[in-house]
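Chemist: What follows is each chain in one-letter form.
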Amino acid sequence: MFYREAGQYKASYQADQAIFPIAQDRIVVVALLAVAFLVVPFVVSEYTYRAVLIPVVILSLAAIGLNVLMGYCGQVSLGSGAFMAVGAYAAFNLSVRLPFLNPFVCILLGGFVAAGVGIAFGVPSLRIKGFYLACATLAAQFFADWAFLRIKWFTNYTPSGSVNAPPLQAFGYDLSSPTANYLVSLVFAVVLGLAAKNIVRGHVGRQWMAIRDMDIAAEIIGVRPMYAKLTAFAVSSFLIGVAGGLWAFVYLGSWEPAAFSIDRSFQLMFMVIIGGLGSILGSVLGAAFIVLLPIFLNQALPPLGALFGWKISTATVSHFESMIFGALIVFFLIVEPHGLARLWSVAKEKLRLWPFPH
Amino acid sequence: MAFFLEVLIGGLLAGVLYSLVALGFVLIFKASGVFNFAQGAMVLTAALALVRTLDIAQKEWHWPFGLALAAGFAFAAVVMAVIAWAAERMVLRKLVNQEGIILFMATIGMTFFIEGLAQTLFGADVYPLNIGLPKEPVFILESVFDGGILVNELDIWAAVIAGLLVAGLALFFQRTRIGRALRAVADDHAAAQSVGIPLNQIWFIVWLVAGLVALVAGAVWGSKLGVQFSLSLLALKALPVLILGGFTSVPGAIIGGLIIGAGEKLAEVFVGPSMGGGIEIWFAYVLALLFLLVRPQGLFGERIIERV
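Heads up: the protein sequence lines correspond to chains A and B, in order.
Numbered according to our numbering, the first sequence spans residues -13 to 344.
Numbered according to our numbering, the second sequence spans residues -13 to 294.
Quick caveat, the hints were computed from the structure, so don't treat them as lab data.
Check each hint, because a few of them may be wrong.
Claimed, not checked - Restricting the straight-line Cα-Cα distance to at most 30 Å, the calculated cross-link-like pairs of lysine-lysine (BS3-like) are: (1) Lys334/A <-> Lys(-4)/A; (2) Lys45/B <-> Lys336/A; (3) Lys336/A <-> Lys(-4)/A; (4) Lys80/B <-> Lys297/A; (5) Lys80/B <-> Lys334/A.
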């Protein structure tokens, strides 16, 4: 009843190609952004910031990055943790060696460094695909783990191997409070997420999808595979690298290479699969789901076990978590390969007809 | 020279164990075209089931060692059969005709599920495993080199077991009815089905065989390092082994494992110190990638991989 597009005429190509062609969608998006920027900072607690909001926002950005590569261009990557690490350590090195730079500029530049590294590790994708590419990106992951642990220059010769982010401030304002951390991450995620959405709608994104769906056919209609794949690697690694810089500077504050281990790569891959391959919205939904589920289980399982007289330790909870993630991955691949994003669009279809389904 | 040989032999013997894990991958890949990431988790599960049954049978029921060991292996084999059945019934059958990479991601999901389940059921500590293999370090070739070469008896036994296993598998594949059916399925799914080979049954059998290989690998690795979570990370080490040896070749898995094992140890000992040490974790991958540029189908792989 409320979600009708009847009567919304598109009188120009611009209106037809708009990012949110339906007026209700525009209203919802603006309302969501308004709540996220204007209401949330006044109501949530510090715990919610640290445990939920900041991780969801930053990991959404990383998941969007991985989705560009996996969902839109069809190149499997098991090395996204490595690109986060590259972004984080590049930003750290820039801030140490060029102390006059603002930390947020360092994060952005770190993204560009990650893009460069991503292109380098994307070169094998021109020759190989599938498992072989997964293996190549896994090589990137292990190499990064090793390099940031053993090559002392990257950590600026800190004896412990753990490095600290510079104090966060911009234009003379101190941005180290949780609220400021959240808002800064949100600005990065919204701006870059919007940019990613527009890129995948544009000609570059269409090239990626053509390559994903059938590379030979794409080549025949004039898509250059090298250009398409390397741009996908570059854009994806840039987004993941910026997310890595944010994760390190804004969320962690001080970190070790273990923060970007292969578990992080798998976590991002789960977000993309559960959220929906080839959907920006899905990346955000997937990130929220993957961050919230362990918190929920930690809260819910011990009381639930107590009902039956079992004592459930935190180790058991983490095993349950791994089981549930595994089962969900298989479930989504079998039942709904387009993930949560597809469920959302099904709901929208239903809403269009509601309450008169015929 | 003696030191070089010592490192080389140590590496080769570690490589035997990589081969054991890679073997399970190859079996499943040949028969069902699935790259089974869950092989490492299966190794962990088999080893956990074995060690826990062994412990309980010996300590609580006071069974003699031989009987307890047999019970442990039998129970672990049953667990592997259940996993094989569930994998075929609940995952593979639903994803028939999907792209390989979708199946690959499904097996990653299975990995997490199996790991979580195994650790919930059997516990998540480090369990020492003793299946009766000697563990004494011995010196060999003392007449040739001054002081001889130090090797661990356990590693030699592992090599013997791996050899027996490969011989047994070869016999099974070449001489039995089921083996012939397995080879037919590996050759061409559709053709095999059209002459009346039940695909679902074959897939179950091949997952079961891979599970039993995982059990052997788990038993040997477990007695070397203790049964612990890191066993499931072996799957990651098997990837470069497969690239090197070819995805479809049993001898390739063996040779690839030996090359990776030896290369890794030699690189760590002789090149590692100049690069800060610890290069073991990525050396295998870089070796495999370099190899990929020269010979994409691996040493013994059958077909040229699809070029992009």
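Chemist: Under the criterion that the straight-line Cα-Cα distance not exceed 30 Å, is the pair Lys80/B, Lys297/A satisfied?
Modeler: 36 Å, violated
Chemist: Does Lys(-4)/A sit within 30 Å of Lys336/A, going by the straight-line distance between their CA atoms?
Modeler: Since the Cα atoms of Lys336/A and Lys(-4)/A sit roughly 23 Å apart, the hinted pair holds (cutoff 30 Å).
Chemist: Within 30 Å, alpha carbon to alpha carbon, are Lys334/A and Lys(-4)/A?
Modeler: 20 Å, holds
Chemist: Does Lys45/B pair with Lys336/A here, judged by a C-alpha cut-off of 30 Å?
Modeler: Violated - the C-alpha atoms of Lys336/A and Lys45/B are around 61 Å apart, more than 30 Å.
Chemist: Straight-line Cα separation of Lys80/B and Lys334/A no greater than 30 Å?
Modeler: The given pair, whose Cα atoms are some 28 Å apart, holds under the 30 Å limit.
Violated hints for the displayed structure, listed by number in ascending order: 2, 4.
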